[in-house]
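Chains as they are written, first to last, in our numbering: chain A, 1 to 601; chain B, 1 to 182.
Since the hints were derived computationally from the structure, they do not count as laboratory data. For every residue, glycine included, the Cβ atom is placed at its ideal position computed from N, Cα and C. Check before you lean on any hint, since a few could be wrong.
[Stated by the list, open to error] Straight-line C-alpha distance at most 30 Å; calculated BS3-like pairs for lysine-lysine: (1) A:14 - B:76; (2) B:11 - B:76; (3) A:178 - B:174; (4) A:46 - B:174.
[Claimed, not checked] Some chain B residues near chain A, calculated using beta-carbon distances under 10 Å: (5) 45; (6) 147; (7) 150; (8) 161; (9) 163; (10) 165; (11) 167; (12) 174; (13) 176.
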Amino acid sequence: MSLSDVLSPFSAWKNLFRDPVSIPDPLNDRPGAPRYRGFHQNDIEKCIGCGTCEAICQNAAIDMVVVAEIATKPGDSGLRPRIDYGRCCWCALCVDVCMTSSLSMSNEYKWVDHDPEVFRFTPGIDLKHWDSTELGYRRPEGHRLTGNERVVMGELAPEARADSFVEIVAGYDLEQAKLEADRCVSCGLCVATCPTHMAVPEYIATIRDGDYEQGVRLLYQTNPFSNVCGRVCTHRCETSCAARHEGDPIAIRWLKRHIIDQVPHDRVKQIAAEGRVNEPSDHRVAIIGAGPAGLTAAFDLAKAGHGVTVFEALPAPGGMMRYGIPEYRLPYDKLDEDVDVIRSMGVEIRCNTRIGEDISIDQLREQHDTVLLAIGLHQGRSTRIPGSEHEDVVSAVELLRRITFGERFDVPKTVAVIGGGNVAMDIARSLARMQRQQHGQVGVTLVALEAEDLMLADREEIDEAREEGVVIIPSRGPRQCLIERDAVTGLETVHCVSVFDEQGRFAPKYDDSDIQVHDAGLVVEAIGQAADHVFLGESLTEALEWERNRIRIDADGHTSESWLWAAGDAVEGPDVITAVAAGHRIAASMMLAFAQKSGRE
Amino acid sequence: MTMQPLYQALKAGFPIGELTEQRPDLAFITVPREQLRGLLLHLRDQEGFTHLVLLTAVDWIEEDRFQLTYLLHDRKGARDIGLRVMLPRQAVIEGAPMESIHDLWPTAATYQRELREMFGIDFPDSPGVNEDFILEGWREIPPYRRDFDTLKYSNETFAPRPGRESQDPAQYMKAQLYPDGA
Chain A
1 MSLSDVLSPF SAWKNLFRDP VSIPDPLNDR PGAPRYRGFH QNDIEKCIGC GTCEAICQNA
61 AIDMVVVAEI ATKPGDSGLR PRIDYGRCCW CALCVDVCMT SSLSMSNEYK WVDHDPEVFR
121 FTPGIDLKHW DSTELGYRRP EGHRLTGNER VVMGELAPEA RADSFVEIVA GYDLEQAKLE
181 ADRCVSCGLC VATCPTHMAV PEYIATIRDG DYEQGVRLLY QTNPFSNVCG RVCTHRCETS
241 CAARHEGDPI AIRWLKRHII DQVPHDRVKQ IAAEGRVNEP SDHRVAIIGA GPAGLTAAFD
301 LAKAGHGVTV FEALPAPGGM MRYGIPEYRL PYDKLDEDVD VIRSMGVEIR CNTRIGEDIS
361 IDQLREQHDT VLLAIGLHQG RSTRIPGSEH EDVVSAVELL RRITFGERFD VPKTVAVIGG
421 GNVAMDIARS LARMQRQQHG QVGVTLVALE AEDLMLADRE EIDEAREEGV VIIPSRGPRQ
481 CLIERDAVTG LETVHCVSVF DEQGRFAPKY DDSDIQVHDA GLVVEAIGQA ADHVFLGESL
541 TEALEWERNR IRIDADGHTS ESWLWAAGDA VEGPDVITAV AAGHRIAASM MLAFAQKSGR
601 E
Chain B
1 MTMQPLYQAL KAGFPIGELT EQRPDLAFIT VPREQLRGLL LHLRDQEGFT HLVLLTAVDW
61 IEEDRFQLTY LLHDRKGARD IGLRVMLPRQ AVIEGAPMES IHDLWPTAAT YQRELREMFG
121 IDFPDSPGVN EDFILEGWRE IPPYRRDFDT LKYSNETFAP RPGRESQDPA QYMKAQLYPD
181 GA
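This is chain A alone, in the form it adopts within the complex:
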């Protein structure tokens, strides 16, 4: 035996003075690793109840349940995920796919209870001690199961589009559309926000499947204006898209356009006619105005076998879709396709027929069971500033109408546009194009009452107008139109400090020390439109109930007169898709009235 063999047991004694490596209280003092996939946490304010966690769960461990604390609102179903720990395998796919990063996992992993029911719980609602734990599994930075960037839409560059009315947006090709459709998680949060509740997840799925005819079928279930809405819809659906929280919303509008672009027009007509009633009813409906509200109602009613005649004062159908929206945003032939499908349903459209001149409203009432007023807002409002009565101070809607008529009037080298909404952008960009054609240069100044970030026009309209050479000056109020020797020479504006008062009422405040003059041979007013109700005649105007200068309607679009309904911009606004929704509602309401009448007889 060597000396070291004798001494070595004692050398271990030095360890007595070291800190122990064992854990003193192993049951309580042993945290999970920092990225441990432990019990779930859900930030209940961030969660939007889209159910994507439920959809991806491979063990069917997640249910979307109603919780008393959360109300359903646009973009939030109000549901929240409940997890069954009898099924969960802690794979964390639910965390990885979560569209808002509300769902995560703490590093807590001990939970003991005698009651098996407690292991089915709603994180964030059923409060747990690990709810605010910082450590645990989070989706790593940059790790996404769904693409967060929208497929870029091809558009004409400013220099290629600034002197022509050719359509700007190219539309997605097959590959681009599939990529964009692939980003959609089919949660359906958008459907409630769409005024006409289009079947968005279902029609996007047809792009992934390449089944475009089924796509058109789904579009026509809720909207006979997919060519139009696929181009110019205000796409409020995209504001409710689950993808917008951590990336770009799905390009729902462009995908709709892509579907309708893929199917030949004659085939679209066949699909739209599926389910059409072939035995004509004896009900006759007159519709005044061939805009989106009137024509949608006409489509539904004619498809159900009712006789529909649409009376249109202007030379062609479409209303503001044709006479308001410029061709570079919505080509006329695309609008014509949508209208042609509606005509093919048996709808008769009589253009150049103005009620009150060519036929009276009383005659319409006598010859039809019901009448729909869908006349739109075709009269421009005036600022009534000094000089605005001059003939070279015109309304935007009138000028846009003349451009659609094909009038090639001379545009002065300088123009001032008053207004900060989309109509103002439409006329400014149209006149800029004509100036470029006529003079080789743009001289349009647009003044808006609102500050830059509060302007009513869509951001892309403002940006594109600037790209095309329009000078946009926010926070300017019109003071007077300057006239020298009977000719308009400019517009005088004053700095607008604020548009609304503390109560939110329209009460612009000005700084009179800040006055500017904008050279202009033509001043265009684009500050709002009004309806022309003169044709109603005195007795009907008296009989109807009004709300300020709008005809009062109920939820079904019914006026106070039993034979008369009203829809569209003149009573509701503000966009095509709202008018489409109203058209459907009114057609259903009229058909209900027909059924009730038949039941009584």
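Got chain A; can you put chain B on it based on the hints?
Coordinates of chain B only, in the frame set by chain A:
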């Protein structure tokens, strides 16, 4: 601390892939299958990586590959290195064998038995590799393979728990916000 010096030393002797540094004390290298045994021996006997922490697999079904990860620990250096080997997935499913390393670390036999059961990757020479590991009486395809339909299996195998119900978000929103459809 960095794994770069070790990586450069290994690269001088072996044709190996890129270094992925997860942490200063944890890195991964993808290596050719035929270099695996030599690298494991070198790391164990020359570089201090004496402990086999784990051997596991990933099913890259889209790329038709199985990935084996051999994670080794260097006690003295307090660092880990993972060697990744890619196998042709379809060939492995059809029975192409993988070399066992149980002679380098006896514990490897247990991992290899697990991989045989959960992924269907065969290590013919590994002791007891064909014995049941945890799935007694399993009749389906190996359950860690991505083409195994977990949801279908659990729906067919397990009774649904009473009292569960779920709402479709879009349908629920309709009922709450526009019940008459308009």
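Check each numbered hint from earlier against the structure, then list the numbers of those it violates in ascending order. Those not satisfied are hints 5 and 6.
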